[in-house]
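Protein chains in written order, with the numbering used here: chain A, 1 to 431; chain B, 432 to 653.
One or more hints might be untrue.
[Stated by the list, open to error] One side only, chain B facing chain A, incomplete, derived with CB under 7 Å: (1) 444; (2) 451; (3) 517; (4) 538; (5) 541.
The hints are simulated quantities; they were obtained by calculation from the structure and are not laboratory data. Given the structure is predicted, the values throughout are model-derived calculations rather than measurements. Virtual Cβ for every residue (Gly too), placed ideally from N, Cα, C.
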Amino acid sequence: MSGVDQVRKGRGGRIGPALRAVPRTLRDDLWRARPDPLPPGWRDWQPAMVLLVAFAVFPTGILGINQAIWQYGLGQGPGVVLGSIPPLAVVYAVRRPLPAWWAVTVTMVLIAVLAKPRSPQMYPWTGTGLALHAAALFVLALRMRPRIAAEALAISVLVGAVCTVAAAPVHNPDLYQATLIFSVTVLVGAALRGRGVARNQLVAQAELTAEERSRRTLLEERTRIARELHDVVAHHMSVISIQAQVAPHLVDDPSDALRENLAGIRTNAVDALAELRRVLGVLRSEDDLSIGMRHTPQPTLERLPELVENVRGAGVDVDTRITGERRPLSPGVELSAFRIVQEALSNVLRHAPGAAIRVEVGYQATGLALRVANTAPPATDVAAAAGAAGGGHGLLGMRERVAMLGGEFADGPIPGGGYEVVARLPLGSGS
Amino acid sequence: MTVRVLIADDQVMVRQGFTVLLNAEPDIEVVGQAVDGLDAVAMVDELVPDVVLMDIRMPRLGGIEATRRITGHADAAAKVLVLTTFDLDEYVYEALRAGASGFLLKDASAEELAHAVRVVAAGDALLAPNLTKRLIAEYARLAGTPRMPAKGRIGDLTERETEVLSLIAQGLSNAEIAAGLVVAEQTVKTHVGRILVKLSLRDRTQAAVYAYECGLIRPTGY
């Protein structure tokens with residue numbers, strides 16, 4: 001005692017509040033705490049688990065009632081009631097482990113108080129009571145924080161010891177046995193829970209990483225597209241600036257007003273270019289553009305035959321069908337249409353090698369319709385196609401391009417095992 | 432003496448525009464228009480222009496490869512002036528390494544355009560020295576840039592020639608170098624000529640690129 005007092009005096013400042021916090025902590029932990037939610041996959045199985053536990057517990061319960069009535073001399077009424085609480089509590093523990101544990105513990109005390117034992121064996125727990133108490137502790141350790149499990153374990157053992165000392169007529173070594181059983185049970189439960197928690201964290205981490213990656217992919221794709229479109233604008237702007245300079249040379253005696261006007265156009269074009277260069281500098285990333293792309297003009301639908309020819313060169317059967325009156329569209333639409341077809345073709349090559357492809361381009365009054373569809377790949381190649389994972393990047397890009405132009409996009413499997421990509425790009429007023 | 436110019440660009444508006452602007456200058460004559468890189472290479476052989484205005488992005492054969500082919504001959508006379516929408520671009524730097532003598536923004540004014548053609552044709556100074564220097568400094572320092580093939584060795588230069596080379600690389604014209612070293616401009620011209628011969632370089636732009644890439648000049652401030 002004096003030692004404790006010394007410690008209290010020495011560190012009174014810290015230990016005092018810590019001790020005062022104990023009841024509150026216990027109340028929070030052992031009264032209010034909620035068990036971990038079941039893993040998503042398990043939730044559906046909860047009724048089945050309850051049933052399974054009920055079946056397992058049923059014989060133990062019958063045995064427990066018998067023991068309570070005869071071995072502990074509780075009589076019919078109290079014996080049945082007190083004997084049936086622990087098994088019911090263990091079944092209930094699947095849903096709410098904490099109240100279940102309380103029920104088992106309190107029952108244990110009641111039995112100890114009311115018992116008129118015929119033999120000193122297994123006191124204060126009946127044999128089955130010990131097993132059910134351990135089961136309740138196990139479920140609790142499985143579903144709740146280790147600290148709560150440790151507290152429950154400590155209280156179980158403490159209450160058992162008090163019951164033994166206060167009520168047992170003789171010294172009973174069963175308490176040590178119970179302590180050992182409870183400790184091992186709680187330890188195993190806590191360890192299993194720890195493993196589950198770690199796995200859940202891993203899964204959550206993986207989900208987060210995947211989400212992060214897809215967000216980054218989206219951003220990269222948008223940046224790439226924005227860059228291309230800005231690039232097109234910049235080229236047109238530089239032509240405007242040249243033309244505005246050239247125009248006065250084309251008339252014999254240009255008036256001052258005309259010169260001034262053209263100078264204004266040029267100034268604006270040059271300013272716009274300066275802005276565009278800044279934007280493009282921001283959008284430029286280290287690795288986004290292949291060298292070939294910057295050395296050649298941005299593609300338009302005019303180069304569609306060339307593209308298709310390249311794919312045919314890879315030994316793929318490509319059928320092109322162009323409907324409507326072919327005419328030049330706004331550069332953004334032309335570029336996007338070309339890229340969409342290009343991505344769709346490369347997707348087919350990647351994911352359905354050997355499939356025949358049909359490319360349809362429809363020039364309509366208000367929009368451009370694109371459809372790239374492929375037949376089912378030959379059976380032998382399906383495995384190879386499935387192996388070529390990492391798709392979706394192309395689709396993402398197509399979707400983004402179409403969205404930027406205010407068009408519609410759809411993709412999905414078609415009857416017969418093929419796949420199709422359909423896009424409709426509005427032409428707007430500019431074309 | 433008029434400077435004979437060939438314009439290579441796939442956009443007809445650009446070709447015609449530059450033709451009008453350059454033909455308005457008394458000392459410059461546009462002798463031909465090429466629609467792509469292959470066309471440009473063929474027309475250079477045929478027309479022997481002094482300066483080629485070369486777009487970087489062209490179908491069939493891009494401007495950089497076309498520049499390489501045009502300036503690749505030992506006796507190639509045509510100087511290439513690269514047209515670009517974006518300055519300080521690694522492709523512009525590629526073009527310089529491929530043998531271009533300078534670069535110009537497509538939206539340059541008529542005066543800038545004519546000036547660029549004259550400077551490149553004369554070869555006495557770097558075009559847009561500050562910008563060119565920055566471009567070279569920026570890209571020469573990038574890791575992974577293959578070193579220029581060691582045509583000649585910097586060790587072959589005399590001390591004075593090395594000094595002149597570093598001044599060229601800093602964008603100084605012959606006249607400025609002469610003033611700085613307190614010698615006649617003709618002497619500087621002789622030095623420059625010897626440097627180019629010893630290092631097998633075609634002009635001072637190439638000399639500047641060489642000086643940065645071989646480490647004679649250490650880019651500062653980047």
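Violated constraints from the hint list, given by number and in increasing order: none
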